[in-house]
Amino acid sequence: MIAKRLRKKWLVWLLPAVMLPVLLLSTAGCEESVDALTGTDIPFTIWGFLDSAADTQYVRVFEVADELIPDREAGIDARVFSTHLATGKRLEWTYERVHFDSLISGHFFMAPFRPEYEARYLLEVVRSDGETARVELTVPPAAQFTLESGASSVQIPVFIDGDVPNLIGLRVTYHAINVPPPQAWPQGSPVAPAVQLPVIVSYDDRVERIPGGWRFTIDIAGDFEIVRAAYQINCLITDPEESAPDIWLRKVEFSGLLADSSWSPPGRVFDANLLAVPGTFSNVQNGYGFFGAGEGIGLEWTPSTETSLQAGYNFLPRCTGLTPRNVPECHNPPEPCVSEIFQGIEGFAQGKSGNVLHPSDKRR
Amino acid sequence: MTLRGLHSAHVRLWALAVLAGIVGLAPGLAPDAQAQSASVRGFVTTEPGGESLQGVNVSIDNLTGALKGAASNEDGFFLIGRISPGRYALQASFVGFVTYVDTLDIAADDRLLVNIVLREDALAMEGISVEAEREDGAARVTAGRQTIRPEDIDLIPSPDVSGDLVSYLSTIPSVVLMGDRGGQVFIRGGEPTQNLTLLDGIEIYQPFHVLGFYSAFSSEIVSRADVYAGGFGAEFSGRISSVIDVHSRNGNKRDFHASAALSPFTSAGHLEGPLLPGRISFLGAARYSMLDGLASRYVSAPLPYVFDDAFGKIHARLGPNRQLSVTGLRTFDRGTLTPTDDPLRRSDEVSWRNTALGVRYLSAPRILPILSEVLVSVSRLESSFGPRGEPTRISDLELFNLAVNMTNFAQRSEVKWGFFLRTPLTETALGGLFQNLMIGRGAPTNIGAYIQPEIYAGGGLYVRPGLTVQTMGNTGDYFEPRLRLRLQRGIHEWSAAAGVYRQVTVGLSDRRDATNIFTAWVQTPSSEAMRSMHALLGYRVEPAAWLECSIEGFYKNMDHIFIGEWTAFPGFTTRLQEAHGAAYGFDLRLEVRRPRFYGFVNYGLSSTRYEIDPASPAVNNPGRFRPPHDRRHQVNVLGKAAVYGFDISARWQFGSGLPYTPVSGFDGFVLMDGPVNVRNVRGFPRVIYESIPYQGTLPTYHRLDVTVERAFDLPAGVEMTIQAGVMNAYDRANLFTLDLLTARRTDQLPLVPIAGLKVQF
Numbered sequence: 001m002i003a004k005r006l007r008k009k010w011l012v013w014l015l016p017a018v019m020l021p022v023l024l025l026s027t028a029g030c031e032e033s034v035d036a037l038t039g040t041d042i043p044f045t046i047w048g049f050l051d052s053a054a055d056t057q058y059v060r061v062f063e064v065a066d067e068l069i070p071d072r073e074a075g076i077d078a079r080v081f082s083t084h085l086a087t088g089k090r091l092e093w094t095y096e097r098v099h100f101d102s103l104i105s106g107h108f109f110m111a112p113f114r115p116e117y118e119a120r121y122l123l124e125v126v127r128s129d130g131e132t133a134r135v136e137l138t139v140p141p142a143a144q145f146t147l148e149s150g151a152s153s154v155q156i157p158v159f160i161d162g163d164v165p166n167l168i169g170l171r172v173t174y175h176a177i178n179v180p181p182p183q184a185w186p187q188g189s190p191v192a193p194a195v196q197l198p199v200i201v202s203y204d205d206r207v208e209r210i211p212g213g214w215r216f217t218i219d220i221a222g223d224f225e226i227v228r229a230a231y232q233i234n235c236l237i238t239d240p241e242e243s244a245p246d247i248w249l250r251k252v253e254f255s256g257l258l259a260d261s262s263w264s265p266p267g268r269v270f271d272a273n274l275l276a277v278p279g280t281f282s283n284v285q286n287g288y289g290f291f292g293a294g295e296g297i298g299l300e301w302t303p304s305t306e307t308s309l310q311a312g313y314n315f316l317p318r319c320t321g322l323t324p325r326n327v328p329e330c331h332n333p334p335e336p337c338v339s340e341i342f343q344g345i346e347g348f349a350q351g352k353s354g355n356v357l358h359p360s361d362k363r364r
Numbered sequence: 001m002t003l004r005g006l007h008s009a010h011v012r013l014w015a016l017a018v019l020a021g022i023v024g025l026a027p028g029l030a031p032d033a034q035a036q037s038a039s040v041r042g043f044v045t046t047e048p049g050g051e052s053l054q055g056v057n058v059s060i061d062n063l064t065g066a067l068k069g070a071a072s073n074e075d076g077f078f079l080i081g082r083i084s085p086g087r088y089a090l091q092a093s094f095v096g097f098v099t100y101v102d103t104l105d106i107a108a109d110d111r112l113l114v115n116i117v118l119r120e121d122a123l124a125m126e127g128i129s130v131e132a133e134r135e136d137g138a139a140r141v142t143a144g145r146q147t148i149r150p151e152d153i154d155l156i157p158s159p160d161v162s163g164d165l166v167s168y169l170s171t172i173p174s175v176v177l178m179g180d181r182g183g184q185v186f187i188r189g190g191e192p193t194q195n196l197t198l199l200d201g202i203e204i205y206q207p208f209h210v211l212g213f214y215s216a217f218s219s220e221i222v223s224r225a226d227v228y229a230g231g232f233g234a235e236f237s238g239r240i241s242s243v244i245d246v247h248s249r250n251g252n253k254r255d256f257h258a259s260a261a262l263s264p265f266t267s268a269g270h271l272e273g274p275l276l277p278g279r280i281s282f283l284g285a286a287r288y289s290m291l292d293g294l295a296s297r298y299v300s301a302p303l304p305y306v307f308d309d310a311f312g313k314i315h316a317r318l319g320p321n322r323q324l325s326v327t328g329l330r331t332f333d334r335g336t337l338t339p340t341d342d343p344l345r346r347s348d349e350v351s352w353r354n355t356a357l358g359v360r361y362l363s364a365p366r367i368l369p370i371l372s373e374v375l376v377s378v379s380r381l382e383s384s385f386g387p388r389g390e391p392t393r394i395s396d397l398e399l400f401n402l403a404v405n406m407t408n409f410a411q412r413s414e415v416k417w418g419f420f421l422r423t424p425l426t427e428t429a430l431g432g433l434f435q436n437l438m439i440g441r442g443a444p445t446n447i448g449a450y451i452q453p454e455i456y457a458g459g460g461l462y463v464r465p466g467l468t469v470q471t472m473g474n475t476g477d478y479f480e481p482r483l484r485l486r487l488q489r490g491i492h493e494w495s496a497a498a499g500v501y502r503q504v505t506v507g508l509s510d511r512r513d514a515t516n517i518f519t520a521w522v523q524t525p526s527s528e529a530m531r532s533m534h535a536l537l538g539y540r541v542e543p544a545a546w547l548e549c550s551i552e553g554f555y556k557n558m559d560h561i562f563i564g565e566w567t568a569f570p571g572f573t574t575r576l577q578e579a580h581g582a583a584y585g586f587d588l589r590l591e592v593r594r595p596r597f598y599g600f601v602n603y604g605l606s607s608t609r610y611e612i613d614p615a616s617p618a619v620n621n622p623g624r625f626r627p628p629h630d631r632r633h634q635v636n637v638l639g640k641a642a643v644y645g646f647d648i649s650a651r652w653q654f655g656s657g658l659p660y661t662p663v664s665g666f667d668g669f670v671l672m673d674g675p676v677n678v679r680n681v682r683g684f685p686r687v688i689y690e691s692i693p694y695q696g697t698l699p700t701y702h703r704l705d706v707t708v709e710r711a712f713d714l715p716a717g718v719e720m721t722i723q724a725g726v727m728n729a730y731d732r733a734n735l736f737t738l739d740l741l742t743a744r745r746t747d748q749l750p751l752v753p754i755a756g757l758k759v760q761f
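Going down the list, the protein sequences come from chains A and B. All letters in the first sequence, in the order written, are residues 1 to 364 by our numbering. All letters in the second sequence, in the order written, are residues 1 to 761 by our numbering.
No lab work stands behind these hints, which were simulated from the structure alone. The beta carbon of each residue, even a glycine, is placed where N, CA and C say it ideally should be. Mixed in with the good hints, there may be bad ones.
[Said to hold, decoys possible] A short list of chain B residues far from chain A (calculated; beta carbon distances all over 12 Å):
1. 112
2. 318
3. 648
[Claimed, not checked] Derived CB-CB ranges, DEER-like:
4. 355/B <-> 41/A: 48 to 58 Å
5. 692/B <-> 265/A: 20 to 30 Å
6. 355/B <-> 250/A: 47 to 57 Å
From just these sequences and the hints, can you work out the full model?
Right under this line is the structure:
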């Protein structure tokens, strides 16, 4: 009897304990709609910079929209003005639309003027209802840069003389040439093709501030290993014993930007993952994006034969476009270099961002 | 915890393995030094069929009231040791079978081998209810373990006459499926790739089909499945969330049987029979999706899925105390989870293929009270994602596994111990999916040993401590202590389990997009293997023979797991970040068993939180957040009744809304990393997410499935079963996924009428 009573007691407690949540939850299950888009009051996103080396200035403007790809034929409800804050001169920029592909079109505004060194400007992007995104910025002072491109050394010093607050986007591009192993040739190619693979090496983390300017040294010999690895990653060279061990350097290109002080991302790292987060790297009020000021610098030169050889490049590729077909090492496919791809990319994954290779692992 | 400060990993491990062996052998060897040194052992099988029978109570009685006994294990093996010389009555009983009785004259040092064949009881087969100890049932959960048998699976309404294990899994509280497609099963907060799925000891990496009603385990081939939602013992290792341990049937060793089934979703068939009557049998089963040909003709939603599977098993009794089985499995899946005509979202296909082959040798040597098992298996998973024929992401995983498992039997205890060697080989090309892990291969050798005594301490107390020691690739050596407890007093049972678990081969998925189920298998990018700690506490009561209730609370924490970084970067790619997390909750179950009615109600409450490690260089560390599989409330109600020869089955399921990340708007992104001429740069469309991911909650999910089934006996021993029913009976628009790029929703299956036919002999 007691056992029976106990069992009934259990039932009395357990049944409601189970059924009550069921009833409560079932009544909560009627909502069907979901609003994924919460909206925002921010009107525009702005990208560009005032280039004191150019006679025409451009800014790209995005509306903060409620669809990922707005109608490419649609215009934009925006007007752009720049104001020289010292003189008060206000200029309205001209609208231009550019179709990049079948999906994406860009809204650009341009103005034909050259920014004045050390002047302060206001850029405003105004919607018809008055909502405005604005940026205030100061153009950096003038500077001179020196690069001894004619020197025969593989170490080329670069100096920037001037009180420039920021130096960014320093890149050395190596334009090398090589005849790849046959498995990388285009289908049906009768002769060994020559391949160019520009390899960009970042120098952002090698620059040093000195009194009155900046300096750094382009290390062509050190960068050769990076270039070689890039070719190896792309299966364009193989082991020395195989068909295409050599790369020849055709030219070197340097570029950079003397930038204003706001052009400084967190940790001085231009990481697309990081900077794509709205507000992470932005100087725009009531808007997203970044609009800076600066002056582009650059130089392109052909290193001497001695410099190239000293850096590690080889003038005599074993297989060329004129190599006869009866040279087996140029036509028998070597061992697939897939494993080298794995090793190579694993090694460089830490430092790769976009198509720029970073020799150090300071970047994430 | 790790073994630091010692000299050689392998020396340490093998020393521990040997120690484990010695300790393991001890309970079995000790009796030989004593007077009571005789033993009786054997296998219990059924007649007809020759199937191994688990849970058979085998006892010997010397007619003076001194009773000794043992229950047969999953292979039907039993061993009764420490028997004094004399005459004994041996008895083996199991519900539904005629009790086996024999008389044994046992001399000192005898090691008798008695293989018992139990014949089906005709009376029981005619429906006379015989109550006996059950192991399975919706509420029968002991320290996270639930046993599922084909009869349980067939209770759940499904689009086929034959059920599927995944249908039953979806009724278990705190088991979350993302919907009726995708093949992703989350158990108590763990990721699908953290579940260890075994078929006859062979690891199957992605066994669930792309359409959520199906897996590689149809009820046609399943003998039993043990699901450990957590707190699993030392015999399982290498995964940190759960274990789904599926044992397949052996083919019939006396007669040939076959079946063929057709439904709008699949066609299936099976054939089994003796190769050498009484000794060797085979079982083959295959299934093929019919969505293109049948279901898509009348289901309004697109069904761009193809899947199939094939299973084969040969089982041989090599001698009275030796068995050998060879099991093979192949599955294939291909589908587009969110078909679209949007040019921005290509209808990328995900596909995967499992291939597995294993050999299992079981032996009960006469000289020792030991059951030994040697398992050698190879399993392979090939996955790809991208346009058909031109996949952009590929992940291959191949595993060789050698395991030796021993069970030593003693009077009131058993000791399981063994060692294993696993060599998972991963090759992955991710096409930029995880930007800091683009491409690679790995082969982290995994060597280890375990020991697990099982002690019946008296007074209804059962204790099973355990320890796994293993070295995992170059991440280190690990101690993984485990403990399982059970205390049974009358109608009450308390149970608890705890353990530390490690995993070195990890599956990576981009959880920002629930429809992107492509999983890349790699060796952990961390210097330390993923770790999880489990704690479970449960209570079960059977207040009446027809009623059973249970409640079980759980807590899991997870370290060194990897999740996709939350970034607004416009590519459909992400970077991995090391994270930790925790899941906790409880399950409440109530089960009713009446002669003509069966039903259960399950409720699960759970909470899962992830957090990117503060030291991790995350772009945007959102703090603690709900991952997209954090389903807070879950209810399953099942009822099955026999009415005028028809089996009517209905199941209602409810799940509270899953988290999602609301979007503020869209714009474009240009990387201003130098003197960028913006007029020449295309830029990327960008999604402006809210700063903390998964702050929104999707609508709740609920659905009613109903089936009616009737079996007909036809001449020549043929049985035909006809099924009709409806899935999603009240046509609830349940959301499957929300495309945050287009704010477009994709719903799960609408109301789907079904009809199925199965013929078997």
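Evaluated hints:
1. 112: holds (41 Å)
2. 318: holds (43 Å)
3. 648: Check passes; 20 Å lies beyond 12 Å.
4. 355/B <-> 41/A: 48 to 58 Å: For residue 41/A against residue 355/B, whose Cβ atoms are near 55 Å apart, the range 48 to 58 Å holds.
5. 692/B <-> 265/A: 20 to 30 Å: Hint holds: Cβ distance 22 Å, inside 20 to 30 Å.
6. 355/B <-> 250/A: 47 to 57 Å: The hint (47 to 57 Å, Cβ to Cβ) holds, given that residue 355/B and residue 250/A are roughly 49 Å apart.
Of the numbered hints given earlier, the model fails none.
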